[in-house]
Amino acid sequence: MAEYALEINNLQKVYDNNVVALKGINLKVQKGDFYALLGPNGAGKSSTIGIIGSLVTKSAGKVSVFGNDIDTDLNKAKSMLGVVSQEINFSQFEKVLDIVVTQAGFYGIPKSIAMPKVENILKRLSLWDKRNDQARTLSGGYKRRLMIAKALIHEPQLLILDEPTAGVDIELRREMWSFLKEINKNGTTIILTTHYLEEAEQLCRNIGIIDKGTIVANTSMKDLLGTLNVQGFVFDLDQPLEEAPVIEGFPLKLEDPLTLVAAVNKDRSINALFSELTKLNIKIKSMRNEANRLEELFIEMVNANEN
Amino acid sequence: MKTNFNVTVSLWTLTVKEVRRFLRIWVQTLVPPAVTMSLYFVIFGSLIGPRIGSMDGFDYIQYMIPGLIMLSVITNSYNNVVSSFYSVKFQKSIEELLISPMPNWTILLGFVLGGVCRGVLIGIIVFGVSLLFYPDFTVANPLLTVTVLFLTSILFSLMGFINAVFADSFDDISIIPTFILTPLIYLGGVFYSINILPDVWRSVSMANPMLYVVNTFREGMLGVSDVSISFSLGMIITFILVLSVSCLYLLKKGTGIRQ
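Protein chains in written order, with our numbering: chain A, 1 to 307; chain B, 308 to 566.
This is chain A alone, in the form it adopts within the complex (with noise of 0.2 Å):
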C-alpha cells in the first residue's frame, strides 16, 4: 500500500521557449488530505498539476500517484485521479448529461453504469434541473460545478483542483466548499490551488508554498500560521473618532471615523488594549480579524524569496 496520495521527486521543467518552471520541486501529499498549493502567477502551481494530469511533460523527476509512477503505471496513476483545471475544458455545444456521461466513458464507465452515479452528482451540485442545456449557456458558476462533476464522476481518490473558485459568488464558493469538505471526510485526497487565501485557511490541514519553481514552504496550516507575530484586529467604534488614539505597543491607524485598525504582537495581551481604549473612553461595538492572517505570511514568504 502506498503512503503518499502524491509524491513528486526533484521535478524539473523547461519549457520549448527556454522558461524554467520548475527547479526541482519535492512534495508529498498524505492520504486522505486537504492540502493547498499556493503560489503567484507564474510560479508552477499549474506546470506541476499539468504534468500529473499528462497535459505537460516533465523535463526530469518522479511522479507517483498512490505509489503509481507515471513513467511506469501511467493509466492506473490517471484512473486514481481527478483533475479540475483552471480554464474551462468542455465542449461548450454538448448537453451538461452528455458531458458527464461521456467523461464516464472516457474512464471505461458504461452509460448504463454511469447514468446513476452522474443523476447523483449532477443533484448534488445542483446541475440536475439544467442536465438538458447546451453548457455554454451555463453561467460561470454552473460551468465550474460543471467541471467538478466531470472530475469527480470516476470516483477518483486524489482530486486536484486548480483555482476552482474563481470568478464564482461567495455563496457558491461557500457551497463548494462544504461539498468538498464532504468529498474529503469520505476519504478523497484534495489538493488545491487558489488566490483566495481565505479559501486554503479554512479548508486545508496542509500548506505548500511554491514561487519562482521552488516550494518555499510545506508544512500544516497550524505550524504555518503559528509563525505569524503580529495579528491585526478591525473595531468598529460607537462613537466617531478625529484621529487614531496613541497607545504604547499597540500601533493604531483610524480607517476611518468609525473604524480602528490594531496592530497585536504575539506576545501582548489583548485584554490590556481594551483596558486602554477603555481609559480613553472608546466604546468598542465589534471586532473581527484584519484581512487574512495567511495572506500577510504569503506575502511575507514570496517576498523573502524574491530576496
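No lab work stands behind these hints: they were computed from the structure. Just so you know, even glycine gets a beta-carbon here, dropped at the ideal spot from N, CA and C. Honestly, I wouldn't trust all of these hints.
Distance condition first, Cα-Cα at most 25 Å in a straight line; then the derived BS3-like pairs of lysine-lysine [what the hints assert, rightly or not]:
1. B:K399 - A:K130
2. A:K76 - B:K560
3. A:K111 - B:K399
4. A:K76 - B:K399
5. B:K396 - A:K95
6. A:K62 - B:K559
7. B:K396 - A:K143
8. A:K143 - B:K559
9. A:K62 - A:K76
10. A:K95 - B:K559
11. A:K76 - A:K28
12. B:K560 - A:K62
13. A:K23 - B:K396
14. A:K111 - A:K123
15. B:K559 - A:K76
Cβ-Cβ distance ranges computed for the label pairs, FRET-style [unchecked claim]:
16. B:N411 - A:K123: 46 to 54 Å
17. B:S481 - A:R205: 49 to 57 Å
18. B:T315 - A:K62: 18 to 26 Å
Use these hints to put chain B onto chain A, whose structure you have.
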C-alpha cells in the same frame, strides 16, 4: 474508484461523440455535399455531358459518378477529423481525453472512425443523389467499391488528424484542403480519363496520388481504370500504415497537444 479500465467503452464513447458532433450540425456537414453534387450532376452531367459524349465507353454523367463520390468522401473525411481534432485542441477539451486512461491508439481510432462514418455516409448520400440523375447505374464490383470507400476514408481521416496536430490556427486547417487536396483531387481524374491528355500531362498525372484513389474506386463502380488496381490498393494500405504509425508517434510525443 474505477481500476478495471474498459478500453472498448472508451473507444465507443469517443466514436459516438464524434458521430454525434457531425450529426448535430447536419446542415453544415451532410446537406452541402448533396446540394453541390446535385449542381455538378445538373450542369456537367445533364447539360454539358451529352455534348461531351462518352468517356471510356460510358455516358459522361455515369463516368463522373465515382469521381464525384470520391471527391466528397475524401474532403469530408479529411475535414471532419481536422476540424474536430483542432476544435478539441482549441477548446481545450482535449484535456478530457489526455487526463483519462485512454490509450493513444483509442484516441486516434475514435477520431478516425468519426471521419470514416461521415465520409461513408456522405458517399452514400452522393450516390443516392446520383441515382436521381442516372437511375440505371449498377455497381460493377461491390466488394472492391466498398473496400476502396472505407480505405480512402481511413486514409484521409488520418491525413486530417496530422494536419490538426500541427495546426495552430483555423487558417492552418483550411490551407491544405484548399490549396493542396482539392486541386489534386480535381486533377486526379474526377472529371476525365487521363487517356485524353497529351503524353506529357498523362505522365505528370501519374505522380498525383489522388489519381490512384479515384481510379481504383472507378474500377469498383464501373469496371474501368487508368491505373493498376493491385498497385493502388497496395499503396493505399501502405500509406494507411505509415500514417497510423506517424499519428501514434505524434500522440506519444505530445506534439501540438502537450506543453
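How the hints compare with the structure:
Between the alpha carbons of K399 of chain B and K130 of chain A the distance comes to roughly 22 Å, so the proposed pair stays at or under 25 Å and holds. Simply put, K76 of chain A and K560 of chain B have alpha-carbon atoms about 20 Å apart, close enough for the 25 Å limit, and the pair holds. At roughly 24 Å between alpha-carbon atoms, K111 of chain A and K399 of chain B fall within 25 Å of each other, so this suggested pair holds. Using a Cα cut-off of 25 Å, the hinted pair K76 of chain A and K399 of chain B holds, with the two alpha carbons roughly 23 Å apart.
For a cut-off of 25 Å, the pair hint linking K396 of chain B to K95 of chain A stands: about 19 Å separates their Cα positions. For the proposed pair K62 of chain A and K559 of chain B, the alpha carbon gap of about 18 Å is at most 25 Å, so the pair holds. Between K396 of chain B and K143 of chain A, the direct Cα distance comes to roughly 19 Å. Compliance with the 25 Å bound is thereby established for this hinted pair. Straight-line distance between C-alpha atoms of K143 of chain A and K559 of chain B comes to about 30 Å, which puts the hinted pair past the 25 Å bound.
For the given pair, K62 of chain A sits about 15 Å from K76 of chain A by alpha-carbon distance, which is consistent with the 25 Å threshold. Distance hint between K95 of chain A and K559 of chain B is unfulfilled; the C-alpha atoms sit about 30 Å from each other, more than 25 Å. Between K76 of chain A and K28 of chain A, the direct Cα distance comes to roughly 19 Å. Compliance with the 25 Å bound is thereby established for this hinted pair. Restraint check for K560 of chain B and K62 of chain A: satisfied, since their Cα atoms lie roughly 18 Å apart, inside the 25 Å limit.
Among the hinted pairs, K23 of chain A with K396 of chain B is inconsistent with the structure: their alpha-carbon atoms are about 28 Å apart, more than 25 Å. Restraint check for K111 of chain A and K123 of chain A: the C-alpha separation of about 17 Å stays at or below 25 Å, so the hint holds. Taking the CA atoms of K559 of chain B and K76 of chain A, the gap is about 17 Å. The hint holds against a cut of 25 Å. In this structure, N411 of chain B and K123 of chain A break the distance hint of 46 to 54 Å, their C-beta atoms being roughly 35 Å apart.
Distance hint for S481 of chain B and R205 of chain A: a CB-CB separation of about 52 Å, consistent with the stated range 49 to 57 Å. Range check, T315 of chain B to K62 of chain A: about 32 Å between beta-carbon atoms, so the 18 to 26 Å window is missed.
Checked against the numbered hints given earlier, this structure breaks hints 8, 10, 13, 16 and 18; the rest are met.
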